[in-house]
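Enquirer: I would like the entire structure built from these sequences, with the hints used as guidance.
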Amino acid sequence: MADGASGKLPSADLDSGEPRLASGLNAIGLIAFYVVLLIVWQVLVPLLHVPAYVVPVPTDILAALARGLASGQYLKDLGITLTEMLLGFLIAAVFGVLMGALIVEVRIVERLIYPLIVAIQSLPKIALAPLLLIWIGFGLPSKVAMAALVAFFPVLVNTATGLRSCDRDMYQLFDSLRASRLQALWHLKLPAAAPYIVAGLDVAFVFALLGAIVGEFLGASAGLGYAILQLQFQLDTAGVFAILVILAGIGVTGHTVMRAIGRRVAFWQAQVSESR
Amino acid sequence: MAMAQDSGEIAMPDRERPAPASARPPAILLQGVGKTFTRRDGSTVNALAAIDLTAAEQEFVTIVGPSGCGKSTLLKILAGLSKPSSGQVMLNGASVVGPRRDVGIVFQSPVLLPWRTALENVLLPITIYRLPMAPALRHAAELFELVGLTGFEKSYPHELSGGMQQRVAIARALIHRPRMLLMDEPFGALDALTRQMMNLELERIWEADRKTVVLITHDINEAIFLADRVLVMSARPGRIVETIRVELPRPRDVSLMADPRFVAHTTHIQRLLGLGAPAPAARPGA
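If you read the sequences in order, they're chains A and B. FYI, in the working numbering the residues of the first sequence are 1 to 276. FYI, in the working numbering the residues of the second sequence are 1 to 286.
Hint data in this document are derived by calculation from the structure and do not stem from the laboratory. In this text, all values refer to a predicted model and were calculated from it rather than measured experimentally. Note that the Cβ used here is the ideal one computed from N, Cα and C, for glycine as well. Mixed in with the good hints there might be a few duds.
Over 12 Å on every C-beta distance to chain A, these chain B residues come out as not near it, computed from the model [to be verified]:
| # | residue |
| --- | --- |
| 1 | 40 |
| 2 | 127 |
| 3 | 207 |
A few chain A residues that face chain B, going by a derived Cβ cut-off under 8 Å, partial list only [to be verified]:
| # | residue |
| --- | --- |
| 4 | 98 |
| 5 | 169 |
| 6 | 170 |
| 7 | 175 |
Keeping only pairs whose Cα atoms sit at most 20 Å apart, straight-line, the calculated EDC-like set for lysine to aspartate or glutamate is [unchecked claim]:
| # | chain 1 | residue 1 | chain 2 | residue 2 |
| --- | --- | --- | --- | --- |
| 8 | B | 83 | A | 169 |
| 9 | B | 83 | B | 102 |
| 10 | B | 154 | B | 120 |
| 11 | B | 83 | A | 175 |
| 12 | A | 76 | A | 175 |
| 13 | B | 83 | B | 52 |
Expert: Spelled out as C-alpha cells, the structure:
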C-alpha cells in the first residue's frame, strides 16, 4: 500500500517531551513576569504618593480579600452572583441552541424573527436592565433575566452559524442516503455545529457574569455587584479590587472549563475553538 | 422492451452469469436523457443532449470526457440526485425518481464525517437506513480487509491520507450491499502514483464482488484500464461520441498499459477528445 506509511497518527508527535518542556519554561517565565509586575506596583504606589483609596497596593488587596473571605460575607455574595449568572447562563444556553436550530430549520421562523434579532443584537442589551427591573422587580429573577438576555445572543448566533457550516458535499451524501431532515440534523448538522456552540457558550459564560453584575448595580441587596457598590461608597478601594479578583477568578474558571469541553468536542477541528 | 437493440453490444465476460442478459432488464438504461440549466440571467445552458446509455448487470462502464462535458451531471442523474430535463432513466428495470438504496455512490472527495472514526463512517448508511448493526459490523470488517485498511477502523479521517480516505468512502458505498456502484472522478484529487495504486485496487475489489459500476473520469488511461466499456463524451452540449469495448483480459495489472491494444485505445480516445489528428474511421480493437 503506497499510502500505508502515512497512517501513523499525527498526534503521536505531541507525546514527545519537547513541547511540554517548552510550555513549562513559558509558564515559569509568565509567573515571573507577573510577580515582577506586582512588586513594581507594590513599590511604585507609595513612591508616587498615590492615595490608597485611588490605587491600593497588592498586599492591601490580598488582606481585604482574606478579611472578606474569612468573615463569610464575600462567599455569601459570591453564592448569590454565581446562582444568578449560572441560572441565566443555563437559560441562555438552552434557548440559544433551540432558537438557533429553529431559525436554521424552519424558514418562516427565520423570516419572522431574524429582523428582530438583528435589531436587538445591535442594541446594547445593558440598556434593557432598567426595564427588566420594572417588570420583574429587584430580586434574584431580574438578575437571572439580565444574565440570560446578554448571554443568549452569542449562543444563538454561533448555533445558527454552526448548523450552516457543513459543505454541499455532505448534504449531497445525506441526500443520496435519503436521510430524513431529523437524521441530517442529528448525524450531520449538530455534530458539525458542536464546536461553534461550545465557542458560543464560552462567550456566553462571561456575558452572563456581566449581565448579573450590571443587574446588581442597578438595584440589589446582595451579590458581588452590590458589594462593589457598597465598598465604593465606603471608599474601600482595596475591597473593590478584592471582588474584582473574585470576578476574574469566576471568568477564568469558566473559560478554562469551556476550552476543555471545546477541545473534547472539536478534537477534529481545533481552529474553531481556538478562534474564540 | 428497449433492450433488444443493445443486447448484441453488451460484452459480458465469460464468468458465471446468473441468467442470460436478455432475460433481465439492463442494470442501467438511459434513453434520450438531456439536462438544461437556466442561468441567473435567464439564458439556458444545454449540459446534456439526448444521452442513450445501457449497462448490463456486473458491467464496468467508464465515462471519459473533458471537464465541463456534463459527465458529473450525468452521474447525478443516474444517482437520482438530479432530475433530467428530458428522457428516461431506468435502473434495474425501475424508473429513477430519487436516490435509491441499491446504489452506492463514491464522490469526488471522500466526504467523511470528521467526528466519526473510519468504521463509524463506513457504517453511516446502515445507521441512516436503520439496518441491523451486527451483520453490518461483520460486513464492515470484510470491507476493511477488501480495501486494505484493516487496523485503521478506529482512525479518524484527519489521521488518514487522501488515498486512505477514499478507500473508506469506497467501503461506505459498499456497506449496504448495493447492486450498483456510481463513482464520480473518485481518484481525481489524488497524486498520480496513488491514483494508479487505487486503479489496481479498484479492479481487484471489483473482481472480488462484481457490481455494475459506472465510473466518471477525465483520465483516459484510468478509463481504459478499468472498463469493460468506455463511453467517450464531448462537451457543450454533453453527448456520447463513441462507445469503445475494451476486451482486455482480467485481472489487469500495470503491464497492460504497454499492451498494443491498450495503446491503440488510448490513441483513439485522445483523437476523439481532440488531442492530435482527427479520428480515423476504423475503430481499433473492434
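Enquirer: Next step is simple, just say for each hint if it's right about the structure.
Expert: Now the hints, each set against the structure:
1. 40: holds, 18 Å
2. 127: Residue 127(B) not clear of chain A: closest Cβ-Cβ about 7 Å, inside 12 Å.
3. 207: holds, 18 Å
4. 98: violated, 22 Å
5. 169: holds, 5 Å
6. 170: holds, 6 Å
7. 175: Interface hint status for residue 175(A): holds (6 Å vs cutoff 8 Å).
8. 83(B) - 169(A): Status holds; Cα separation ~18 Å.
9. 83(B) - 102(B): This hinted pair holds, its Cα atoms lying about 18 Å apart.
10. 154(B) - 120(B): holds, 8 Å
11. 83(B) - 175(A): holds, 13 Å
12. 76(A) - 175(A): Roughly 55 Å separates the two Cα atoms, so the pair is violated.
13. 83(B) - 52(B): Distance of about 16 Å is within 20 Å: holds.
When each numbered hint is compared with the structure, violations occur for hints 2, 4, 12.
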